[in-house]
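Undergrad: Those protein sequences? They're chains P and L, same order as listed.
The first sequence begins at 29 in the working numbering and counts up one residue at a time.
The second sequence begins at 51 in the working numbering and counts up one residue at a time.
Honestly, the hints are just simulated from the structure, not real lab data.
Every value quoted in this text rests on a predicted model; they were computed, and no experiment measured them.
Relax, there's no trap hidden among the hints.
Derived DEER-like restraints, expressed as beta-carbon distance ranges:
(1) L:A63 - P:E470: 23 to 31 Å
(2) L:Q60 - P:E68: 51 to 59 Å
(3) L:L327 - P:M29: 31 to 39 Å
(4) L:Q60 - P:K417: 24 to 32 Å
(5) L:Q306 - P:A327: 31 to 39 Å
(6) P:S534 - L:Q330: 32 to 40 Å
(7) P:E535 - L:Q60: 39 to 47 Å
Partial pick of chain P residues on the chain L-facing surface, computed with a CB cut under 8 Å:
(8) G237
(9) D262
(10) G264
(11) I265
(12) I281
(13) G282
(14) F285
(15) A286
(16) L308
(17) F399
(18) Y406
(19) V437
(20) V445
(21) S449
(22) G456
Don't be surprised by glycine CBs; every beta carbon is placed ideally from N, CA and C.
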Amino acid sequence: MDYTIKIGGEAGQGIQTIGDTLAHIFAKAGYYVFTHQDYESRIRGGHNFYQIRISHRPISASRSFVHILVALDRESITQHEKELSPDGQVLYDSQMIKEKFDKPNFLNLPLLDFAQKYGGSKVMANTVAIGAVLGMLRMDPTIMYEIIEKSFKKKGDAVIRANIECAKAGYEFAKKECLMCAFTLSKFDRPKMLISGNEAIGAGAIASGLKFYSAYPMTPSTGIFNFIAEYAKDCGIVVEQAEDEISAINMVIGASFAGVRAMTGTSGGGFALMVEGISLAGMTETPIVITLAQRPGPATGLPTRTEQADLLFALYAGHGEFPKVIFAPGSPEQAFYLTNKAFDLAEKYQIIAIILTDQYLADSQWSYEGFDLRKIKYIDYRIRKEKLKEIKNYKRHAFTETGISPFAVPGESKHLVVTDSDEHDEEGHIIEDALTRIKMVEKRLFKKMPLIKKEISPPLIYGDKNPEIVLVCWGSMFGIVKEITDELLEKYKIAMIHFSEIYPFSEDKSWIELLRKSKKVINIEQNATSQFSKLIKIETGIHIENHINRFDGRPFTVDELLERVYDYIK
Amino acid sequence: MTTLSDYKGQKPAWCPGCGNFSILRAFNEAMVELGIEPHQFVIVSGIGQAGKFPHYTRCNTFNGLHGRTLPVATGIKLANRELIVFAVAGDGDCYGEGGNHLIHAIRRNIDVKLFVHNNQIYGLTKGQASPTTMKGVITKTQPFGVLSEQFNPLTLAIALNCSFVARGFAGDIEHLKGLIKEAVNHKGFALIDILQPCVSFNKINTFEWYRERVYKIPDDYNPEDRLLAFQKSLEWGERIPIGVLYKTKKSTLEEQIPVIKDLPLVKQDFDINKIELILQNFY
Chain P
29 MDYTIKIGGE
39 AGQGIQTIGD
49 TLAHIFAKAG
59 YYVFTHQDYE
69 SRIRGGHNFY
79 QIRISHRPIS
89 ASRSFVHILV
99 ALDRESITQH
109 EKELSPDGQV
119 LYDSQMIKEK
129 FDKPNFLNLP
139 LLDFAQKYGG
149 SKVMANTVAI
159 GAVLGMLRMD
169 PTIMYEIIEK
179 SFKKKGDAVI
189 RANIECAKAG
199 YEFAKKECLM
209 CAFTLSKFDR
219 PKMLISGNEA
229 IGAGAIASGL
239 KFYSAYPMTP
249 STGIFNFIAE
259 YAKDCGIVVE
269 QAEDEISAIN
279 MVIGASFAGV
289 RAMTGTSGGG
299 FALMVEGISL
309 AGMTETPIVI
319 TLAQRPGPAT
329 GLPTRTEQAD
339 LLFALYAGHG
349 EFPKVIFAPG
359 SPEQAFYLTN
369 KAFDLAEKYQ
379 IIAIILTDQY
389 LADSQWSYEG
399 FDLRKIKYID
409 YRIRKEKLKE
419 IKNYKRHAFT
429 ETGISPFAVP
439 GESKHLVVTD
449 SDEHDEEGHI
459 IEDALTRIKM
469 VEKRLFKKMP
479 LIKKEISPPL
489 IYGDKNPEIV
499 LVCWGSMFGI
509 VKEITDELLE
519 KYKIAMIHFS
529 EIYPFSEDKS
539 WIELLRKSKK
549 VINIEQNATS
559 QFSKLIKIET
569 GIHIENHINR
579 FDGRPFTVDE
589 LLERVYDYIK
Chain L
51 MTTLSDYKGQ
61 KPAWCPGCGN
71 FSILRAFNEA
81 MVELGIEPHQ
91 FVIVSGIGQA
101 GKFPHYTRCN
111 TFNGLHGRTL
121 PVATGIKLAN
131 RELIVFAVAG
141 DGDCYGEGGN
151 HLIHAIRRNI
161 DVKLFVHNNQ
171 IYGLTKGQAS
181 PTTMKGVITK
191 TQPFGVLSEQ
201 FNPLTLAIAL
211 NCSFVARGFA
221 GDIEHLKGLI
231 KEAVNHKGFA
241 LIDILQPCVS
251 FNKINTFEWY
261 RERVYKIPDD
271 YNPEDRLLAF
281 QKSLEWGERI
291 PIGVLYKTKK
301 STLEEQIPVI
311 KDLPLVKQDF
321 DINKIELILQ
331 NFY
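Using the sequences plus the hints, can you model the full thing?
TA: What follows is the structure, given as structure tokens:
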């Protein structure tokens, strides 16, 4: 079983409600689910879609073929009819889109009339559509009713009943009338969790002891802010919307200095404003975590779309020289654990950790059996309470073997915690002399960096053990490249190397051998200039010749990328 | 009990005769008289001559970036509301580079005490106009004189209903000390704009210039009358009022955040079990 359902329409029509509800029904049924969204930078009108893929085996990307197209506007048919698979069906309401189609695979269902008739309000047309999709699939509707009940619980019994009637009407109609529907579903399994990239980062941060989050809203990072704000009260987190990103990062630095774990999130333009603050965190050795959810630039670019073009910007962000780590998770699962690792390394080494995602990962949902909280690391590296009493002569920036100075919480003892954006001495006071400067650079950078490097895991190598073809990718490309690797493994000796811990490079360099030995290396990136391959060259001297790039703001689908890879290997 | 010797910091790198010395003395004396110990407060400062201030007393210090004192101070206060948090900045720092942050710190009413060393000139960069330089003053980078309106921080603050608005003068240490003590005892965001002569680069607004003009706001003045305060804040030129122009009682930001109402954030333990419940919501 491997089906794709696409819901298309204007912004404000409820595409997301239909999509989210269906995705949760499928996950609850125990299917593996992958969703991705394509939306414009507007609140009403335009053309948006929500794509759901379901399967009985783990999946990690979207396919190009659509099995059920729910068309809430005429544009959905114009744009997406050509994507239909041979057995694909279109669900539409001729009254809604003011046109009737006389084609055997088009199912005309009066969504609006049904909503009025069975629910008493046209608003429930979305619920009719949800029921109809399940009817077309001939899937047991019990879970759908449960989910409707759960989502409308707050609105009372009458609303629940009306929605269930609507769903039932849509379901029965589609089941009976869709004569061409011939989908076969797998048996239900244990419910899966369904989580997006943004949610996984939020959850990972909370699991890491996040106490303070400040940000300025910016697509596609806002989902993290929303998620953390939702749980702020329950989990004891202070969230503060800043007047700008400069303020956001400085508040985060202040909160961290005062002794709590702190984080901010933004996209390219906001990150540009934070750069000065990144340098401040570097100089004052204040641990902070930043999520940079990329979207296509330059400037405002394509605000709601995806790209991986801020890698080198993030790498070099901040004037002067200081250590930082950059992680680029490839899935919500990786995002969850890497967010935890970002916090742990930031706190342990008193550095900046950047989590690099993009709109594609931020908004797409993946399904899992569950996350393992035993893998979460939480060590409080700050000097508090009893530990403070053991210290006689406290110096915030004391020279040590490891370069890591004791970080006391200000106000908790008589020890004064002093730091400065100017070059400073061990106590934190301004200096200008050359010797102290050299010793401070050695401490901050040269002593810490080799230790940080040891913490970094090597890239994931997946596929053939002695590959002739190697696909290199990073960050959100993971799912798509993994799927095409799976597909090509049937015919080729092929492997994927996926980097999620981008910088610094791991000391384990076994992957370089793989590149050297293979006949063809293809680097795949969602940007115009193959930034990651440049980083590989800087770090290892290896030059990759073959590149597949996409920079139109849309994510690759498995089928499109397969074709591009075939161009190189056929 | 603390004494002035507890507040002896690094050797100041200010010009001899600088107005900052008097502000430092007023501050240290205020701390001693209030019985506040150095570890009980933090000074966040920016860049400029005023930015060096915390190094010359003794305290927890975050000497950050130019213009960014208030966001850092806000973050610190939200993380640990038991700490007394001061922000110290110059006129270029707070009214120029960090103007946006000033507006929003006042709106938040975060319990931070802001002292702006206002010398009406850029000292550290050697004599360019600041937002408070008077119109028409010629400098190296304003060859036709300052063409923009002079920034009035007090009027702005009163317009934003800032909970405590005052003006001090570096030439009157006793009076300034009184203002600092009053600001510390006031609950909510406090702005003290301190007239601070720059002996090296401001040849107009000198000690003498200020002495001839400043006068203490009389005791019968009602600082809770906002319209009156607004009017008072507009006085400049021949007569310049010093003292508390405006104050009002209102809830601070920290008081309104339920999470930190009873216990400062920094003292709250982390409970990993809560994430388990959150993850359940994804099924």
